[in-house]
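Same order as they appear, the protein sequences are chains Y and G. Under my numbering, the letters of the first sequence match residues 1 to 236, in that order. Under my numbering, the letters of the second sequence match residues 237 to 470, in that order.
Just so you know, the hints here were simulated from the structure itself, not pulled from any lab data. Keep in mind that the hints are not guaranteed to be accurate.
Unchecked claim - Derived lysine-lysine pairs resembling DSSO-like cross-links, with alpha carbons at most 27 Å apart:
no.	chain 1	residue 1	chain 2	residue 2
1	G	Lys254	G	Lys244
2	G	Lys254	Y	Lys7
3	Y	Lys20	G	Lys465
4	Y	Lys186	Y	Lys144
5	Y	Lys25	G	Lys458
6	Y	Lys66	G	Lys385
7	Y	Lys95	Y	Lys7
8	G	Lys469	G	Lys244
9	Y	Lys24	Y	Lys39
10	Y	Lys7	G	Lys434
11	Y	Lys24	Y	Lys124
12	G	Lys465	Y	Lys24
13	Y	Lys144	Y	Lys25
14	Y	Lys7	G	Lys385
15	Y	Lys25	G	Lys465
16	Y	Lys20	G	Lys385
17	Y	Lys80	G	Lys434
18	Y	Lys24	G	Lys385
19	G	Lys465	Y	Lys39
20	G	Lys254	G	Lys385
What the hints assert, rightly or not - To give a feel for the contact side, a few chain G residues facing chain Y, derived at Cβ under 8 Å:
no.	residue
21	Ile309
22	Ile369
23	Ser394
24	Ile396
Idealized CB from N, CA, C, for every residue including glycine.
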Amino acid sequence: MQRSCLKNVMFPLELEGVKKTDAKKRALELLETVGLPDKANAYPAQLSGGQQQRVAIARALATDPKVLLCDEATSALDPKTSHAILSLIREINEKLGITVIIITHQMSVIEEVCNNVAILDHGKVAEQGRVVDIFTHPKSQAAKRLVFPEGEQEILVENAAYRLRVIFVGAKAAGTPLIAQLAKEKGIEANILGASTKAVGDKAYGNMLLSFADEDSKNQAIAFLKDIEDISVEEV
Amino acid sequence: MAEFFASKEWLDAVDIVKAEVPLAIWETLYVTLISTLIALVIGLPLGVLLAVGDKDGIVPLPALLRHFLNILINLLRSVPFLILIVVVAPLTRLIIGKAFGTAASIVPLVIAAFPFIARLVESSVREVNPNIIEMAQSTGASPFQIITKVLIPESVPSLISNITIALTTILGYTAMSGAIGGGGLGKLAINYGYYRYKYLVMIITVILLILLVQLFQSIGTKLSVVSDKRLMKK
Numbered sequence: 001m002q003r004s005c006l007k008n009v010m011f012p013l014e015l016e017g018v019k020k021t022d023a024k025k026r027a028l029e030l031l032e033t034v035g036l037p038d039k040a041n042a043y044p045a046q047l048s049g050g051q052q053q054r055v056a057i058a059r060a061l062a063t064d065p066k067v068l069l070c071d072e073a074t075s076a077l078d079p080k081t082s083h084a085i086l087s088l089i090r091e092i093n094e095k096l097g098i099t100v101i102i103i104t105h106q107m108s109v110i111e112e113v114c115n116n117v118a119i120l121d122h123g124k125v126a127e128q129g130r131v132v133d134i135f136t137h138p139k140s141q142a143a144k145r146l147v148f149p150e151g152e153q154e155i156l157v158e159n160a161a162y163r164l165r166v167i168f169v170g171a172k173a174a175g176t177p178l179i180a181q182l183a184k185e186k187g188i189e190a191n192i193l194g195a196s197t198k199a200v201g202d203k204a205y206g207n208m209l210l211s212f213a214d215e216d217s218k219n220q221a222i223a224f225l226k227d228i229e230d231i232s233v234e235e236v
Numbered sequence: 237m238a239e240f241f242a243s244k245e246w247l248d249a250v251d252i253v254k255a256e257v258p259l260a261i262w263e264t265l266y267v268t269l270i271s272t273l274i275a276l277v278i279g280l281p282l283g284v285l286l287a288v289g290d291k292d293g294i295v296p297l298p299a300l301l302r303h304f305l306n307i308l309i310n311l312l313r314s315v316p317f318l319i320l321i322v323v324v325a326p327l328t329r330l331i332i333g334k335a336f337g338t339a340a341s342i343v344p345l346v347i348a349a350f351p352f353i354a355r356l357v358e359s360s361v362r363e364v365n366p367n368i369i370e371m372a373q374s375t376g377a378s379p380f381q382i383i384t385k386v387l388i389p390e391s392v393p394s395l396i397s398n399i400t401i402a403l404t405t406i407l408g409y410t411a412m413s414g415a416i417g418g419g420g421l422g423k424l425a426i427n428y429g430y431y432r433y434k435y436l437v438m439i440i441t442v443i444l445l446i447l448l449v450q451l452f453q454s455i456g457t458k459l460s461v462v463s464d465k466r467l468m469k470k
């Protein structure tokens, strides 16, 4: 790229025939917004991947778009830089009121910044809705594969015992020693097959896959868990 | 050694070189530069057109026109320069008024050089990172804007190094145009060295040509590197 950062951000304005002084002023403002006010005269080759991405975002914002489309905007970045870029995208969404569409294959990106999600499978929408809903209760096969990539399916076949998926919705339940209570109060021994907690949006979510010795203890566990706030139980 | 520098042969050669070389260098330089410049005026747009005119390029050309241009360029590129001089003589006479002499050598030089330059420009433009072109398209740039604001500025370093290649090749051709009385170092080498067996004069002229090529190449490489912002240090 033979254009400096400033010239890059000015590019869409230049195409529209905006006056040079105005375009420059706007470009400097945008570089400020994305946190690179001192790199105006630097060339892309002199910047890190994250900084290049910031310039690209500033350039995309130059023409006051209503929608910002980020196609794999963080795929080539390390986790820390990726996080910084996502915060910037969030900020743009909130402060400038621009709708952001993110295309990604990194589930962590969706968990971190998105409100709504549509899962595509072979070019068709397999499932769509709020991130919270889909990441806690994925319904379609495609969504399940993405949300539980560890291969839930395989465990099921291997160990076809009595199982429950316990889903935590909110930080309160995540802080309760559930399995200990289950053992102490009801005398039910649960085997934890897998567990994970995630932050989706601003709340903590988690799910735990439990297996029981027989049908009876499973049903008792369901009865016990159902009453607790912020928890839902699913037979799997 | 001292004997050699006192010999009639050497003194003769020095006399000839002193009398003829300054003008010859000037003629070589001006014929080379003017021919390259004119060839560039024709070859640059043509090269860009070839690069963007692909079936799935930004300005797809009609297949017939594209094939015609390609065949024309290949045709001109395959005619040996010495033959080309003779073939285009009527055209030269039409433009310059005569078919021999220094000015007349510019016509065949341009005709030999512009297809070559067009190919070089084409390859330079094709090297431009497709992501940058995609960016320009997504920002709504018209094909003409993509050419003037993206393709050409982005390929400047490569264009400079390719034009340097063209310049040194044309310098070599000017030496050949000595055959039809085109002035310059080539004429000197042929007239004195080849026709009159003054090998010393020939060797000195050839050394001068080598130096000129070295000079052009060093300047060209330097300019190409300096203009390439991709090579900027952090």
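What are the numbers of the hints that this structure violates, sorted from low to high?
Violated hints: 2, 4, 5, 8, 10, 11, 13, 17, 20, 21, 22, 23, 24; rest satisfied.
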